[in-house]
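Student: Please construct the entire structure, taking both the sequences and the accompanying hints into account.
If you're matching them up, the sequences are chains A and B in order.
Going by my numbering, 211 is the number at position 225 of the first sequence; the sequence numbering is gapless.
If you want my numbering, it's the 1-based position in the second sequence plus 19.
Please note that a few of the clues may not be correct.
To be verified - Going by beta-carbon spacing under 7 Å, a handful of chain A positions derived as facing chain B: (1) L81; (2) T175; (3) D201; (4) A203; (5) G206; (6) L221.
Said to hold, decoys possible - According to the in silico footprint, chain B covers these stretches of chain A (three or more CB under 8 Å from chain B): (7) 15 to 23; (8) 91 to 100.
It is worth saying that the hints were derived from the structure and are not from the lab.
We put the CB at the ideal spot given by N, CA and C, even for glycine.
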Amino acid sequence: MKKAVVYLLLTLVTVLAGCASTRPVPVLDLAADTVPVAAEFVTVREQADHSHDHAGHGRDESKEVRWHMFRSTNRIDIDNVTVNTGETWLRDGKLLVMRQLFHEDRKGIEYLADDFAVLGMQPSWQRQAMLIDPAVLQALQETGSSWQDGNPLRHYRGDVDGQRFEVMWRVDVNLPYSLVRERDGQRETTRLLAVHPLAQSPWKYENGDGYELIDYADLGDRERDPFVLKIQSQLPGGDMHHH
Amino acid sequence: MKINAARKSLTTAIAAAMLTGTSLPQAAEAPASAEEWYAQGQEDLLVQRKAKTNNRKAKNVILFVGDGMGVSTVTAARILEGQMNAGDGEINRLSFEKFQHLAHSVTASANQQTSDSAPTATAMVAGIKTNDGAISVDQTINRTEPDAAVTASKSVKTILEIAEEKGMSTGVVSTARITHATPAVNYAHISNRDWEADSNLPAGATVKDIARQLVEFPFGDGLEVALGGGRSYFMPNTMSDPENTSLKGRRKDGRDLTAEWVSNYPQSAFVYDQAGFDAVDTENTQHLLGLFERSHMRYEADRATDVAGEPSLTEMTEKAIEVLNNNKKGFYLMVEAGRIDHAHHAGNAYRALTDTIELSNAVRKAMEMTNPKDTLIIVTADHSHVFTIAGYPSRGNPILGKAAINGTPLTDSLGLPYTTVSYANGPGWTGGTQRKEFDGATEGTVAATYTGSALRPDLTNVDTTVPAYMQEATVPMGSETHAGEDVAIYAQGPRAQLFKGTREQHYIFHVMANALGFDK
Chain A
-13 MKKAVVYLLL TLVTVLAGCA STRPVPVLDL AADTVPVAAE FVTVREQADH
37 SHDHAGHGRD ESKEVRWHMF RSTNRIDIDN VTVNTGETWL RDGKLLVMRQ
87 LFHEDRKGIE YLADDFAVLG MQPSWQRQAM LIDPAVLQAL QETGSSWQDG
137 NPLRHYRGDV DGQRFEVMWR VDVNLPYSLV RERDGQRETT RLLAVHPLAQ
187 SPWKYENGDG YELIDYADLG DRERDPFVLK IQSQLPGGDM HHH
Chain B
20 MKINAARKSL TTAIAAAMLT GTSLPQAAEA PASAEEWYAQ GQEDLLVQRK
70 AKTNNRKAKN VILFVGDGMG VSTVTAARIL EGQMNAGDGE INRLSFEKFQ
120 HLAHSVTASA NQQTSDSAPT ATAMVAGIKT NDGAISVDQT INRTEPDAAV
170 TASKSVKTIL EIAEEKGMST GVVSTARITH ATPAVNYAHI SNRDWEADSN
220 LPAGATVKDI ARQLVEFPFG DGLEVALGGG RSYFMPNTMS DPENTSLKGR
270 RKDGRDLTAE WVSNYPQSAF VYDQAGFDAV DTENTQHLLG LFERSHMRYE
320 ADRATDVAGE PSLTEMTEKA IEVLNNNKKG FYLMVEAGRI DHAHHAGNAY
370 RALTDTIELS NAVRKAMEMT NPKDTLIIVT ADHSHVFTIA GYPSRGNPIL
420 GKAAINGTPL TDSLGLPYTT VSYANGPGWT GGTQRKEFDG ATEGTVAATY
470 TGSALRPDLT NVDTTVPAYM QEATVPMGSE THAGEDVAIY AQGPRAQLFK
520 GTREQHYIFH VMANALGFDK
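Tutor: Now the structure itself:
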């Protein structure tokens, strides 16, 4: 009996998939309100080629990071499950606030508008919500479209500001199904593993709202704080401007 | 050496500009010949010889503190201001640099060679040296003393508290949070500068948090003016912020201290934006609380982009003096340019210097509004920063630019251009082939991929004068640090002549108290 049910379901899925493949893929609409979702991604960084290896600082090994995104209208939480850290973006009108969360210490660093300014950062809500600058996506050449497991994808490829992109875009949730960036022999690949409506998220997350938050501007006054000393290598630095 | 009429005219103009700080900064020109330089020196000598000292008792004292404003910061800011006015930056002077009296201030605290703002600010307003992190408590207290009675027994009275007891009006103004160390030392006593809201206190602590100490201030009739940032430290975590309505306060005790301020004092006001600030009736407002940001106020360079708008340091100084002037017994006011320090910590010279220039503007406004015969104005810093002016650039070379002689960039031993200003440590470390970068996979650092053989970034095509440029640093640190050399004390008004030589920082309190007649 069970086998018969499974057979019937598989047949149904196959038929539906066949129908789906003939359906037109919706057009890209980056101006649409972002759908509240919980999504799981994996990001891999690796050496694209070995021509840039130098003695002492070549890197062959790839590193895989699994992480979750919880996206609502005015809040994005990123849970870096591999290393127990997180990131929260809050939107209040034009104001953007970012919190770097360290779950083990139950503490976070809060970045405000002026902190972004001194660090030369120009954060964009859309870039955080979609994982790519919409202007960059629109600058790429569309190379095709498809359905994957019943989900509509549009395919893009091209170079922007010296970086090579290859993107498969889930137009229904405005998130990358696959996002490959390549520069200076380094390749970073982000793949969407699963996505759910936010209210039906299968993943639990500590959002850090009860954590002690330290202003980025106050880090200089915490010169003896063991937590600050521990995380200082994870703070933004001069390489942001010069490289 | 003869001085012809033209040269005399020029040098007299320069000397006049140097004598008084109240005139707006104008494009100054440097002497162009040996004769003119000599004449300028002679004129300056004449001015100083004619200068009179003022040994009267002071009616008012204004203490300006540039947080982290070391001598190199003052020099670079003076040059930047001059260059922004299309003049000779090197001969330009900030308003307070025209004061007649000057001393060095030794900033080491009771337990630090290089200090943080808490003990240095305590030294200035309480007349003693104490330990790191201490807010107007003595050096025998534990760094994290939670007990209110113990804290009270270790507390030291401040110049503001004495002024209140004497019936004077008092105020604190800062571009940082009003609960931050430098303003807090005036009205609070606590062992840990970070305990700004009750949510920062350890469990079981009986000492009051800093925000609460401001609103429950027990001396005189309470502070007349408190203007700055830090609104979230006064509001409960269930209450929406009035400017950023999706964000909440930080207090866990459910208290709205902004409402308590208004209910505690007659003829009082709480304002949080530019419109509310502009509407304050200073003749009829006796207690003014203005908290213009959830945390620190905006850098002067970014203030115009603020959603609700907020006043400049100059505007806050003006408003504070207007309120405080209602009391015929005089006033004590501390004004802090709190974000010079933050910009330096972030390795951002542009904002450190533009905030220093704004401090100069605020001092100029205070000079315009007060009489030097009865008002002692002191301008100083709590500590310095590891900020340097390097190389051999030509006079007139952009201070935020690359070191160059007559426009031709100077190069380091690698053949690469470098900036005139930089830091000895901080986030601006670029590290060349040894550079590490954060690796999210391990939460550690890994050697960064580095293309080419350069040991430093090539700045040839980089515009280092843009506001967002992060100057290079020698030692990699998440945040640039304070520096331990002396800072300057600039003073004018009654007893200002007592500032001379190299003095310990807590001497500032003793001069203020002496000038106000508190030590009789």
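Student: Confirm or reject each hint.
Tutor: Verification of the supplied hints:
Annotation: interface hint on L81/A holds; nearest CB of chain B at approximately 6 Å, less than 7 Å. Violation of the interface hint for T175/A is found here, the shortest Cβ-Cβ separation to chain B being roughly 13 Å, above the 7 Å cut-off. The restraint placing D201/A at the interface with chain B holds, with a minimum CB-CB distance near 5 Å, inside the 7 Å limit. With 7 Å as the threshold, the beta carbon of A203/A comes within range of chain B, its nearest partner Cβ sitting at about 4 Å, so the hint holds.
The interface hint given for G206/A is met, as the beta carbon of that residue sits about 3 Å from the closest beta carbon of chain B, less than 7 Å. With a least beta-carbon distance of about 4 Å to chain B, the hint placing L221/A at the interface is held under the 7 Å criterion. Only residues whose beta carbon comes within less than 8 Å of a beta carbon in chain B count, and the region 15 to 23 of chain A has 0; fewer than three means the coverage is violated. Counting residues of the region 91 to 100 of chain A whose CB lies closer than 8 Å to any CB of chain B gives 4, so the stated coverage by that chain holds, three being the minimum.
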